[in-house]
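S.K.: The primary structure of each chain is shown beneath.
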Amino acid sequence: MKKIKLLFVLLLSGYIAVQLPACKKINIRETTTEDVNIVGYLDKRPDSFSLFRQILERTGTASFLNAYGSYTCFAPTNTGVKTYLQKIGAATVEAADINILKDMVRLHLLEDTVYSGSFTDGKLPVITMYGQFLVTAVSFEQGISNYIVNRQAKVLQSNLKVGNGLIHVIDHVLIPATKTIAQQLEENPEYSLFVQALKETGFFSKLNTVDPDTSNRWLSVFAESNKALADSGFTTYASLKGKYSQTGNPSSATDSLNMYVAYHISSGIKFLGDIITVATHVTLLPQEVISIKLIDQNVVINEDEFNGVLEKGILLNRQKSDNAASNGVWHDATAHYMVKFRKPTALFWDVSTFPEIMKLPAYYKRGNYNFTRATEADNLIKDHYWGWGPLAGTNVLSYLYSATSSITNYAVNNDVNMLPMGLPNRPIWWEMKTPPIIKGRYKVWVCYRAQKQSSSSNMLCQVEVNKVLMQRTMNFTENRPTGTDAELEAIGWKRYTENTTNLFASRLVGTIDFTTTQQQIIRITPLTGTQNNNNLDMIHFIPVDDNQVLPRFKPDGTKIFF
Amino acid sequence: MKKIIQYSFVFMLIAIAFSCKKWLSLKPQDGIVKEEFWKTKEQVKASAIGIYASMLDGSTGNYGTVGYIPSLSEQLFVWGECRADNISPATFTSSDDLELINMNTQPTNVNTNWRPFYRTINYCNTLIEKAPEVVNFDNTFTKVQLDNYLSEALTIRALMYFYLVRSFGEAPLKLDATLSDENITPIKKATQEEIINQIIADLKSAEAKAVTTYGDAASDKGRVTVYTVNAILADVYLWAEKYADCVVACDKIINSQKFGLIRGATDNGGIITYNENWFNTLYYNGNSNEGIFELQFDAQRLNPYFNMFSSSISVRRWIAFPEIMDQLFTVDFTNDQNYDIRGDAGSVRAATSTIWKYVGATNTALRTFDQSYAHWFFYRYADILLMKAEALNELGRGSDALSLIYAIRKRANALAATDINPAPSDKIGIQDFILQERSREFCFEGKRWYDALRNAKRNNYERLSILLNMVAQSVPPNLQQSAQAKIKDKNSHYFPIYLYELQTNKLLVQNPFYK
Numbered sequence: 001m002k003k004i005k006l007l008f009v010l011l012l013s014g015y016i017a018v019q020l021p022a023c024k025k026i027n028i029r030e031t032t033t034e035d036v037n038i039v040g041y042l043d044k045r046p047d048s049f050s051l052f053r054q055i056l057e058r059t060g061t062a063s064f065l066n067a068y069g070s071y072t073c074f075a076p077t078n079t080g081v082k083t084y085l086q087k088i089g090a091a092t093v094e095a096a097d098i099n100i101l102k103d104m105v106r107l108h109l110l111e112d113t114v115y116s117g118s119f120t121d122g123k124l125p126v127i128t129m130y131g132q133f134l135v136t137a138v139s140f141e142q143g144i145s146n147y148i149v150n151r152q153a154k155v156l157q158s159n160l161k162v163g164n165g166l167i168h169v170i171d172h173v174l175i176p177a178t179k180t181i182a183q184q185l186e187e188n189p190e191y192s193l194f195v196q197a198l199k200e201t202g203f204f205s206k207l208n209t210v211d212p213d214t215s216n217r218w219l220s221v222f223a224e225s226n227k228a229l230a231d232s233g234f235t236t237y238a239s240l241k242g243k244y245s246q247t248g249n250p251s252s253a254t255d256s257l258n259m260y261v262a263y264h265i266s267s268g269i270k271f272l273g274d275i276i277t278v279a280t281h282v283t284l285l286p287q288e289v290i291s292i293k294l295i296d297q298n299v300v301i302n303e304d305e306f307n308g309v310l311e312k313g314i315l316l317n318r319q320k321s322d323n324a325a326s327n328g329v330w331h332d333a334t335a336h337y338m339v340k341f342r343k344p345t346a347l348f349w350d351v352s353t354f355p356e357i358m359k360l361p362a363y364y365k366r367g368n369y370n371f372t373r374a375t376e377a378d379n380l381i382k383d384h385y386w387g388w389g390p391l392a393g394t395n396v397l398s399y400l401y402s403a404t405s406s407i408t409n410y411a412v413n414n415d416v417n418m419l420p421m422g423l424p425n426r427p428i429w430w431e432m433k434t435p436p437i438i439k440g441r442y443k444v445w446v447c448y449r450a451q452k453q454s455s456s457s458n459m460l461c462q463v464e465v466n467k468v469l470m471q472r473t474m475n476f477t478e479n480r481p482t483g484t485d486a487e488l489e490a491i492g493w494k495r496y497t498e499n500t501t502n503l504f505a506s507r508l509v510g511t512i513d514f515t516t517t518q519q520q521i522i523r524i525t526p527l528t529g530t531q532n533n534n535n536l537d538m539i540h541f542i543p544v545d546d547n548q549v550l551p552r553f554k555p556d557g558t559k560i561f562f
Numbered sequence: 001m002k003k004i005i006q007y008s009f010v011f012m013l014i015a016i017a018f019s020c021k022k023w024l025s026l027k028p029q030d031g032i033v034k035e036e037f038w039k040t041k042e043q044v045k046a047s048a049i050g051i052y053a054s055m056l057d058g059s060t061g062n063y064g065t066v067g068y069i070p071s072l073s074e075q076l077f078v079w080g081e082c083r084a085d086n087i088s089p090a091t092f093t094s095s096d097d098l099e100l101i102n103m104n105t106q107p108t109n110v111n112t113n114w115r116p117f118y119r120t121i122n123y124c125n126t127l128i129e130k131a132p133e134v135v136n137f138d139n140t141f142t143k144v145q146l147d148n149y150l151s152e153a154l155t156i157r158a159l160m161y162f163y164l165v166r167s168f169g170e171a172p173l174k175l176d177a178t179l180s181d182e183n184i185t186p187i188k189k190a191t192q193e194e195i196i197n198q199i200i201a202d203l204k205s206a207e208a209k210a211v212t213t214y215g216d217a218a219s220d221k222g223r224v225t226v227y228t229v230n231a232i233l234a235d236v237y238l239w240a241e242k243y244a245d246c247v248v249a250c251d252k253i254i255n256s257q258k259f260g261l262i263r264g265a266t267d268n269g270g271i272i273t274y275n276e277n278w279f280n281t282l283y284y285n286g287n288s289n290e291g292i293f294e295l296q297f298d299a300q301r302l303n304p305y306f307n308m309f310s311s312s313i314s315v316r317r318w319i320a321f322p323e324i325m326d327q328l329f330t331v332d333f334t335n336d337q338n339y340d341i342r343g344d345a346g347s348v349r350a351a352t353s354t355i356w357k358y359v360g361a362t363n364t365a366l367r368t369f370d371q372s373y374a375h376w377f378f379y380r381y382a383d384i385l386l387m388k389a390e391a392l393n394e395l396g397r398g399s400d401a402l403s404l405i406y407a408i409r410k411r412a413n414a415l416a417a418t419d420i421n422p423a424p425s426d427k428i429g430i431q432d433f434i435l436q437e438r439s440r441e442f443c444f445e446g447k448r449w450y451d452a453l454r455n456a457k458r459n460n461y462e463r464l465s466i467l468l469n470m471v472a473q474s475v476p477p478n479l480q481q482s483a484q485a486k487i488k489d490k491n492s493h494y495f496p497i498y499l500y501e502l503q504t505n506k507l508l509v510q511n512p513f514y515k
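If you read the protein sequences in the order shown, they are chains A and B.
For what it's worth, the working numbering labels the leading residue of the first sequence as 1, then goes sequentially.
For what it's worth, the working numbering labels the leading residue of the second sequence as 1, then goes sequentially.
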């Protein structure tokens, strides 16, 4: 018995001996991360950020910047803040006007994380909490390149990742633009003639208001300096008014001076880096656009080709442009320009002359070539596109050329574009972008070489121009009926080729009003039937008042008027 | 009874004690340990071949994710082309690749991970350190054989450092082997000059040790010969602006008369005939008479280019710059039998903007996936001629340079529209001409960016405009001005050090541009 007791004691003491050291307190991590937040990061570096930290405290911003979220903070260093305080005439942070400080802080904060990878030549993708966009660029000084923000501050360190967002360290405080576009232009004597035109046409007040609704606030102005106007012969305002103001009342929307000014304003905030990403911009002059091209490094307005003639454009002056204002941005146009009023002109568009095939001299006007889209994401031809056919192998646009084959022997330039279409397997629509067409009212003729893949094939299609459904359908399997030109035109048909075979047919699908001079979009959508052999040769856009039947076309492309 | 137990216990103890030897040994059953390696010349050969094999290795991780480590052969392309103007992104290009095009590279960009290069360097270092010991164990291993293997390791190491120094500017210069974790120590960056000097010293020492031939074409083009050494030397001298030395190195290859240009086009009094087998010989099969050093991909070891370029898949990453035919090779619209053989169906397939060199099988047909073993071309004879031309031009021998350029142009039937016809005294004009001709000749061969940078930085960045004009074209319009301002900072021409390297090697200092 005693032995058992002894054994028990031994066992117990052994157990304790084993367990004792294990009794240490276990450290359980109660936090999910040890990353500091934006405020924490600033706190850790008082040498650089103590003043900005003070401002955050004073403006009541510190608490939410220390909470969960995703922000981007442009944090100015102490030297930057000191310069700023001097500028606003405050000795210390405590002495400064709290409302000015609040606005200033809000301009430094974005409610999203924006890495330096998103910095472009234009504005940041996210608006600041103050309600103005920040614009970025890169400066080059003394052998070193730096990002700059709002042309006010250099980025010293970028993409510092903290718990609730990102910090970019900047060397100066960003100051919000307080003046409107109108005020900025008015202050600048170089633009006195343009400003006077703004005032007399009533646009000055529009450019002088800051709409509280940010979706309507922003405007972009292309201002002409006195020098630009003088180069075109307008040395005084009177001469400008004399030239354009035919009604004598510039505030009327039908007055040409009013139109001139409206044509220089576009809604939305568009810095040069933003402008050049879109080819055309709508102006305040109804239905009139300006086109934008980047030629080498120059931003050029309205350099366009019409009917084969290149019209030289107007250069924007980079150094004097991108001027941010409280309600938008204004740029400097180096020359005088005015909206061009063009007479509607017919476009006889041979759809098979597109740059992608012309680049292949072995095929263009020599032989057949297939443009095969391997996947839906592929886009081989810039201006010809189609809805992906469920059967992958049908997504082929064929360029057919032959001077002898019965399909193309009488076609214009002996070539057609062929695309399979129709449910269930083939492409579900066919869309094309036309060359620029001058605004006006046009009749639309689809010219094709009729063909049936098999005797039972049918290919009834509807046509939409700029998403407007055309009045008539057309059918790629249907031959041209017989009759005189006048009889045919009355029922919406014409012969567009020199040869009289009724396989080459031109179908009037409808009439369309183009409200804007630009590249228009035409889409052919199959309604009934499906087949491969949809041979499209031309599309004619002819002003309603012009002769709709003539000219016709020879296989070499020349026009004939009989 | 008790005794029996005692004796049997003692016996068992003895039995266990003796049998324990094998059981306790920690040697792997299926491998070989360091102490037993480096004993025979066969082992030295195996590790020399291993150096080449390491350059063929594939990528790890998934493309487009942060864990992706590109393969060396992919990086050769990406580093050499993606900041230049001959390529465009395709549908599947990752954001890291786009960053390179946009001149927006961050230290987190997977393309800046230099691991594949330093891995191969370590293989070289190991051979350089351990192979000389083998002489003590293997009596049949001669000094000449040892020298030959050393020349291979020294040359490949130099080549790897040459890529690093051109891509990063400054990089750690690690010349001893990392055999185990104990050898891992933080190491500082060496300057560009230090690295270049080391490369030249290594190559010179390799030149004296290298073979002229291994006896078969695949080894002659796939392993280091004295011509490989001289080709790299010429390139390094050109980079280091030592033009007379460059000419000497080129002449050693030219005078060997072992190499020539594969016939492309012949002009018979205005009628041009083309060699139908040109593409097949030079690019599809590789190891042609023109090749000097090529990465030997084969059916067992496929290259990564199918996934990068092939138009037969939806996930390709890179396409040719869409205007490349119009601007670089140009097109004769009046005569379709007059074309630059390097253009459509040579370097590029214009209809699909496909980078054709590595994925084309014939003029029109693509390679299938299992045929994706096009070689990577480090150096071709054409390169030697154009490097010599560049050096001659800098030495003031413009007319000699021009005759070399025209020899290259004639072989390919370069079109008249691309002949800028500079005067022999027009140094700048000839520089531009060579740069353009190199862009045509080595289109997508990973040389474009380095060519542009070498010409831009010559004489203390005398011609920075070359890079400025290039980014004006290659960067999207909304980033153009920023990219140009960045490129004026010469630190931006070199990659940032990858974040992982900075975190693990505390002695590294980031390139100041990437703040």
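Hints are computed from structural coordinates only; laboratory data are not their basis.
Predicted, not measured: the structure shown is a model, and the values here were computed from it.
All C-beta atoms, glycine included, are put in the ideal place defined by N, C-alpha and C.
Hints may be right or wrong, so weigh each one.
[To be verified] Partial chain A-side listing against chain B, Cβ under 8 Å, derived: (1) ILE88; (2) ALA90; (3) THR92; (4) ILE144; (5) ASN298.
[As the list claims (entries may be wrong)] DSBU-like, lysine-lysine: derived pairs with alpha carbons at most 35 Å apart: (6) LYS457/B - LYS320/A; (7) LYS44/A - LYS87/A; (8) LYS515/B - LYS87/A.
S.K.: Which of the listed hints are not met by the structure?
M.R.: 1, 2, 3 and 5
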